[in-house]
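Engineer: One-letter residues, chain by chain:
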Amino acid sequence: MADVPAGRRRHRVLRRLAVRVPQYVLIVLVAASANFALPRLMPGEPVELLLGEMANRLPAETVAQELADVGLDQPLLVQYGRYMAGLARGDLGYSFRHRRPVSTLVAERLPWTILLVGTALLISTILGVALAAFAVWRRGRRRDTASIALFTFLESTPPFWIGLLLLIWFAANLKVLPLYGTVSVDATTGLARVGDILLHLVLPAATLVLTSVGAVFLLARASLLGVVREDYVLVARAKGLRERSVAFRHALPAASLPIATSVLLRVGALAGGAVIVERVFSYRGIGTLMLEASFGRDFPLLQGGVFVLTLVVVGVNLVGDLLYPRLDPRVRR
Amino acid sequence: MSKAGSGRRTNRTLAIVGAVMLTLFGLLAVFGSAIAPYDAGERAGRPFLEPSRDHLLGTDDVGHDILSELIGGARVSLLIGVTAAAISVVVGGLVGVSSGYRRGAVDAVLMRAVDFALVVPTIPLLIVVATYLERGMRSQILVVAVVLWAQPARIVRSQVLSLRERTHVLAARTYGARGPYLVRRHVVPAVTPLLIAEFVRVVSIAILFEVALSFIGLGDPVRRSWGSMIQFATDRGAFLTGAWKWWILPPGLCIAVVVCSFAFVGLGLEERVDRRLGRSATT
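As they're listed, the protein sequences go chains C and X.
Counting along the first sequence from 1, when you hit position 174 you're at 174 in the working numbering, and nothing is skipped either side.
Counting along the second sequence from 1, when you hit position 194 you're at 1194 in the working numbering, and nothing is skipped either side.
Only chain X is shown next, with the shape it has when bound in the complex (with noise of 0.2 Å):
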């Protein structure tokens, strides 16, 4: 029963897929302005155009391109998800290692931070401090990652933690290796697979955080993300009219298609890490 390299290959074809779409869609991202056939924040057309050969996904109220809403909302998402994600891993390990390193005093300040961040519900809290700050990409970016450092730091913690007991390292101390030194040459190369594997799984939730901040209505309110396409779509009563399917299927899809994809690379990353550092992966 146990097939002991079936589950591998099945991470590893999933890894593919998802690396091979983000591709896609971080090329759509870069060079999406030169891709859509229109420029997504001029009128193209005239209002509520149904899908046309000239406008494939149809014009939305105001007479935009959808199909160049669609492409250019890769960039605010893809940005935004990833920027974010940057911050949290980046904070996270800080945290992590200090507190693991550390330990005593700075360790229990830090892990209640970490308890608290980890157990206070996420998306009211973004509400909260949304509300209080200025509509903004800035904003919005700063607001995810506020609610998502604490598990990269726990996991990093955990893992500075054993590796103090390693012997590498305990003997690394005995001939006299210091802090710096030790936190470079051994701490660090530990830890960096670790937070690759986050970064990429923290950057799945960091998308779904954008768009639903945008879906809300407290997103920015000038860069159309595929959220905002949404939240138009739906004030302006497309679920009562065809309009749907052009109009609130399509950004949808894109999300779901990217954050499944950054999934299914973390899930081929994660058992390379597991390997790596000697613990049995379960999948």
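Looking at chain C on its own, in the form it has when it is part of the complex (with noise of 0.2 Å):
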């Protein structure tokens, strides 16, 4: 680290955004047009494709005016000049069957999606990596075999099976956590309130953690094995240290760059998981929201809430990209 110079240093990062950025603009100039060009290729009726089935049941001048503000009579091409523009803006349309704009519902739901998907991301990650390194440390052929058998089963379930089996165990059987929702209905204040949200918290992202945290253990898995095999690790352990600080202090840190790169590229994963999790208990984010869209055929609601996730996973995946370098000192030199 120390024998680059700063300044060269910065000029790295900077042709890396240089790189990286238009890629990723790049894909959410791609989304946002397929945004665009689904429901005008889809067969269907345009408008109820466009403003969503309620339309069907407004008044004619609502669905003229706002047909107009859509500008569906003017040529595709002024269209979509008229679409991108709002979006800029933040505009992503309105719902009728809400009766409110795209953008405002989003907003409210997505808080609480990333709380539940930073949470398990958190949780998973730590403990994988913990789990991965304690069994590269205690090696052993049934072990190996043990361990790799059961995260890859967890790998395999179901999200929304391990959540019922929860829900059911938990909050029907015990009753000691609540059955659905993001927080009580008698809302408390303060501390209470935190309490409670955290409360809602426990099993959806236990679901969450129980299903991707094989994954996670897998790859910090092959990745330490990797590492366990080069020669500063045999230097460490020629020094006389101990397989726990070997395997803590030295394997680790080095295989922490392919763990932090995939941890952070599982985010669009774990939305999805989310989504589908959402739904078994009622959890209020953006997943349940798109899931009401969708059986609604309330199209302008669930497109906006795919093109936010995108958006957030996009983002997130730039982060891990530009992160990298900062992590590895291979790739920076």
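No lab work stands behind these hints, which were simulated from the structure alone.
Heads up, some of the hints might be wrong.
Derived SDA-like pairs (lysine to any residue); straight-line CA-CA distance at most 20 Å [to be verified]:
no.: 1; chain 1: X; residue 1: 1245; chain 2: X; residue 2: 1118
no.: 2; chain 1: X; residue 1: 1245; chain 2: C; residue 2: 170
no.: 3; chain 1: C; residue 1: 175; chain 2: X; residue 2: 1257
no.: 4; chain 1: X; residue 1: 1245; chain 2: X; residue 2: 1257
no.: 5; chain 1: X; residue 1: 1245; chain 2: X; residue 2: 1235
no.: 6; chain 1: C; residue 1: 175; chain 2: X; residue 2: 1051
no.: 7; chain 1: X; residue 1: 1245; chain 2: C; residue 2: 171
no.: 8; chain 1: X; residue 1: 1245; chain 2: X; residue 2: 1023
no.: 9; chain 1: C; residue 1: 175; chain 2: X; residue 2: 1052
no.: 10; chain 1: X; residue 1: 1245; chain 2: C; residue 2: 179
no.: 11; chain 1: X; residue 1: 1245; chain 2: C; residue 2: 169
no.: 12; chain 1: X; residue 1: 1245; chain 2: C; residue 2: 172
no.: 13; chain 1: C; residue 1: 175; chain 2: C; residue 2: 197
no.: 14; chain 1: X; residue 1: 1245; chain 2: C; residue 2: 168
no.: 15; chain 1: C; residue 1: 175; chain 2: X; residue 2: 1240
no.: 16; chain 1: X; residue 1: 1245; chain 2: C; residue 2: 197
no.: 17; chain 1: C; residue 1: 175; chain 2: X; residue 2: 1049
Join these two chains into a complex; the hints should help.
Structural biologist: Encoded structure:
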């Protein structure tokens, strides 16, 4: 780290930014364009596809007004221009079912999903990496087979099923945790409210952790085993260090790069899992919002939700990409 | 500490376990209707019966035999998973080979598409596409394939890229070997084992996606899969009565065992492929 002058290091980061940022911008543009194209390409009534099924039950002049806003009577290129300009202003369209702008609805629900996914990501990473380091430190054929089998099995279970089982045991039978929702209806204030929110978070977060810790474990284990064969680990052991400190102090930091990258790349998968898990627990995040929109055939809301979720995931990926050289000196040189 | 043979044996053990389980479920999927005690689509008894000798897993809300539904679900889930995975791997393979072989503009465009498909959150994308399409088995397969082709494409591409620089391929080119011959003689044999390993990996993801779609109610409304069984059981409040033990537990367990078996077989295959391609396996 010390042998690279600060100026040149900054230069590299900038160059990396210059390569990566356009790629991610392109992804966002493609996602936005797909959102524009989908309702116009799909078979069906364009009014319904653009405004949602509720449009059929609205007064004709409201629909005409809204269609004029969307610009359906204009050439496609003009519509596209208007659509993109709207997006740039944060205008994601209007949900006639909720009678509110899509951006407001999404903004209400998104923080809950971020809380859920963030908690699960943090816990599953710490747990998975620690278990992997432990597994590498105490190797043995029986134990290897057992741990690989167990974590692969966990990774193979459908999250909603695990969620249902947790719900049955802890909420329906033992009645120690809430059955559904994000906060209690008789909303309290202050510290009691924080406690209430955390209590509602336990089961959905535990579900996501259980079904994603396997992936973290398997990945961390593989990269630790790769590191364990390196010369400096041999040196550390030759110095007479204990196996535990070899595993946790020498091997783990070196293996942390692929782990860190993959953790950030897992955000997309976790967000997807969260959508399903939210439904199990009626957790009022963006996932339940999208599923409601899907059933109400509220297309603007559905697309707005996916677009914002895509933005968040792309943002996290970009951060991961930029952190990458900071974590691994080998890439920096 | 580095026990060279240990990892290999671990993977082989798991792969054998997986293969045996898959054979069992495969037989169930093919001969299910002959094995099942009742016709899964017919009323076989009173609704909400508890398990008994006549109905080993009881009956559902309209009196269908749950065990027979479970056996029928094997066919639906496996068929959708395997077909969707086959399509993804074939599409991904074609994209990967053309991208790695042609390079240049083709490569740039295809790889941006791969980036897109890899970054966009899959399940939300599944929900959007499934909402627009008509419900049914065919669109379910299509939807799953749409989100799963990218990973095989990227893996195949990097294999083709490294293949271009290998001496035997360079030698063949100096002798004047051209496109179709090179692809047939050198690219296909090198890429096929990778694609088989990818196929097995993708099947397990495809099955998980299929059950997730069915569970949220975007699956085939006619054919009962393991995912829609769980959905129906939940909607009929099975978790408030004791019925979850025979109505929710078994289908979920079947999904987990099948998906896990594919993953085990995949572990074994992956290692063989790695050894064959001269890469060092780390597990």
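Engineer: Now tell me, hint by hint, if it's right for this structure.
Structural biologist: Going through the hints against the structure:
Restraint check: the Cα-Cα separation between residue 1245 of chain X and residue 1118 of chain X comes to about 37 Å, which exceeds 20 Å; the hinted pair is violated. Pair hint residue 1245 of chain X plus residue 170 of chain C holds up; C-alpha atoms about 15 Å apart against a cutoff of 20 Å. A hinted pair counts as satisfied when its Cα atoms are at most 20 Å apart, and residue 175 of chain C with residue 1257 of chain X does not qualify at roughly 29 Å. For the hint pairing residue 1245 of chain X with residue 1257 of chain X, the CA-to-CA distance comes to about 17 Å; that is within 20 Å, so the pair holds.
Only pairs whose Cα atoms come within 20 Å are accepted, and residue 1245 of chain X paired with residue 1235 of chain X is accepted, the gap being roughly 15 Å. Restraint check for residue 175 of chain C and residue 1051 of chain X: not satisfied, since their Cα atoms lie roughly 26 Å apart, outside the 20 Å limit. For the proposed pair residue 1245 of chain X and residue 171 of chain C, the alpha carbon gap of about 16 Å is at most 20 Å, so the pair holds. As the CA atoms of residue 1245 of chain X and residue 1023 of chain X are separated by approximately 26 Å, the hinted pair breaks the 20 Å bound.
At roughly 29 Å between alpha-carbon atoms, residue 175 of chain C and residue 1052 of chain X are farther apart than 20 Å, so this suggested pair is violated. At most 20 Å may separate the alpha-carbon atoms for a hinted pair to count; residue 1245 of chain X and residue 179 of chain C meet this at roughly 18 Å. For the suggested pair residue 1245 of chain X and residue 169 of chain C, the alpha carbons sit about 11 Å apart, so the restraint of at most 20 Å is met. Only pairs whose Cα atoms come within 20 Å are accepted, and residue 1245 of chain X paired with residue 172 of chain C is accepted, the gap being roughly 13 Å.
Using a Cα cut-off of 20 Å, the hinted pair residue 175 of chain C and residue 197 of chain C holds, with the two alpha carbons roughly 17 Å apart. Taking the CA atoms of residue 1245 of chain X and residue 168 of chain C, the gap is about 10 Å. The hint holds against a cut of 20 Å. For the hint pairing residue 175 of chain C with residue 1240 of chain X, the CA-to-CA distance comes to about 12 Å; that is within 20 Å, so the pair holds. This hinted pair does not check out: residue 1245 of chain X and residue 197 of chain C have alpha carbons roughly 30 Å apart, beyond 20 Å.
About 26 Å separates the Cα atoms of residue 175 of chain C and residue 1049 of chain X, which puts this hinted pair outside 20 Å; it is violated.
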